[in-house]
Amino acid sequence: MATTGMDLMVAAWRDMAASADKQYQTESIDGVPGAFLLKNVLSLDECAQLRAAVSLLHDEKAAILVDDKKPRRPSQHHIPTQVDPSALEEIMRRLRPHMPSHAGPTNRAPLATAFLSPFLRSYYYHETDFSMPHYDKSFTHHEGLRGRILNFSAYSVLFYLNGGFDGGHTSFFTDKSATTIAAQVGPCIGDVLVFPHGNFPGCFPNPFHEGSTVTRGEKLLIRTDLVFATTKQRSKLAPSDMTAAQSNPAQLAQLVHEGRVKRLGPGLDECRCGDLLGLQAQVASGWDCHTSRDRHGSSGLLWAAGGGHLDVVKYLIESLGMRPVQDIQAHRRGYDGRSALHWAARNGHNAVVEYLVVHGGQSVDTPAVDGTTPFHLAVWQNHQRTCALLLQLGADPHVVNSHGCNACMWAAQSSVGNVAMLDFLSKLLVDVERINANGQGCLHKAAQRCNWDVCQWLCQRLTAPAHFEPNKEELNVPSRLAAISGDDKLASFLVAQETASSERWAASA
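Here the sequence shown stands for residues 1 to 509, where the numbers follow UniProt numbering.
To be clear, the hints were calculated from the coordinates, so they are not data collected in a lab. Predicted, not measured: the structure shown is a model, and the values here were computed from it. Be a bit skeptical, because a hint or two may be false.
Unchecked claim - Cross-link-like lysine-lysine pairs, in silico, DSS-like; alpha carbons within 27 Å at most: (1) 61 with 176; (2) 176 with 314; (3) 314 with 262; (4) 22 with 39; (5) 489 with 427; (6) 61 with 314; (7) 22 with 137.
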């Protein structure tokens, strides 16, 4: 059997020779609080082995992409891989003395024992390639579906694997406008860059940054994350808790006091929990519904609609002159352009949905910036009655967003997913075979979220080979995605389905 890029990746980390304890030169990154660079952590031979793994991973993907006529965006270069944590033992031994002991200046979550995430992203930049300015996100690992947070990431870690190129700096900006550079790090072979990410309380600010254009040659690197263990045994807030808080000011106040829900501020808090009298008092004191927004760009109207508070929604529109068509969410990635109708549909508040369409002037298929419709969100949260109402009001169930996702994909990735919604959509003839712009179909989405019943339902119906084998945009098959998500049993089931699909196509060839 041929050696794969994944084989080389695991071997490169696992075969690192134990080196004598060494204090690596550490350089703080001025202008980026919490960021630092470790010099010469990896040897030239170790970098060569890791480069070979990264190169082969990208060659494997290129072999699949060879017939693709659609150009790739120059900012997309990474291939994700998941390795056994034991393969990272030597590199963690080297790094541990130099890593932050806690997640942030006032966040006392300690560095985890296995502090390097085994989820690696391999980057291969060719000349003129770059990555767009962006924030790195934090991930969390929970105990069960809605259990307490066990650990979370708070820093990005970049391993620089080569030299001999120009440009390609890791550039940090002073703010999201990306007009003023706060600091630049020139990649040097064997160095390791560590900088904060995410938005957990008490951590360093999350720097806006980019991989600047490679002007000559090629740049290879591997990214992972620093993981920290939680110290508080706090359960993840269940949706039912939030629903109750939105209709009960006293309960909301208790959750705010416990630190499980953040306070929004005057006016917005009253909109969130449906306190009409309190809201009217805030307005009388000078609160302006037209200018007040939370940190994610949501207005009081969006909060009231999402909470199902029809009387507050009516007051904001009819008495204060808010316009649902114009009042949309802004400045939050993935949420830009969501309206009151999106949030009402997402949370299954049918009375508000009907009011916004019939009396509020909103188009039933009003799209967010990425093309997501209220129907998509109602499907995602498994609100069949809301879906039926939206259809009655004229919604098109076949709309596809800018990522190429239709309603079936939203159903497949739902955390409350069951086959009832997919049955509902099938009767509407929504295309369950669709593959999106990233090369993923419904089975990929369901496998990523370990939705057993949905995976079984899909495997009985899907016919296209793109669902079961690497395709032009997605190297990971569903079984691999399930394994990365930690469900080995589902992964084994999907391996059998992928094998059966391959045999069917071979027999029909």
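| said: Please verify whether residue 61 and residue 314 have alpha carbons no more than 27 Å apart. | reply: Answer violated: residue 61 to residue 314 is near 53 Å, above 27 Å.
| query | residue 22 and residue 39: Cα distance at most 27 Å? | reply | Holds: residue 22 and residue 39 sit about 11 Å apart, inside 27 Å.
| Distance restraint between residue 61 and residue 176, which requires alpha-carbon spacing of 27 Å or less | Since the Cα atoms of residue 61 and residue 176 sit roughly 32 Å apart, the hinted pair is violated (cutoff 27 Å).
| said: Need the status of pair residue 489, residue 427: alpha-carbon distance at most 27 Å? | reply: Violated. Residue 489 to residue 427 sits at ~31 Å, over the 27 Å cutoff.
| query | Has the given pair, residue 314 with residue 262, been kept, meaning a C-alpha gap of at most 27 Å? | reply | 25 Å, holds
| field | Pairwise hint evaluation, residue 137 against residue 22, where the allowed Cα distance is 27 Å at most | value | Violated, at about 31 Å.
| said: Between the alpha carbons of residue 176 and residue 314, is the straight-line distance 27 Å or under? | reply: Answer violated: residue 176 to residue 314 is near 35 Å, above 27 Å.
Comparing the model with each numbered hint stated earlier shows that hints 1, 2, 5, 6 and 7 do not hold.
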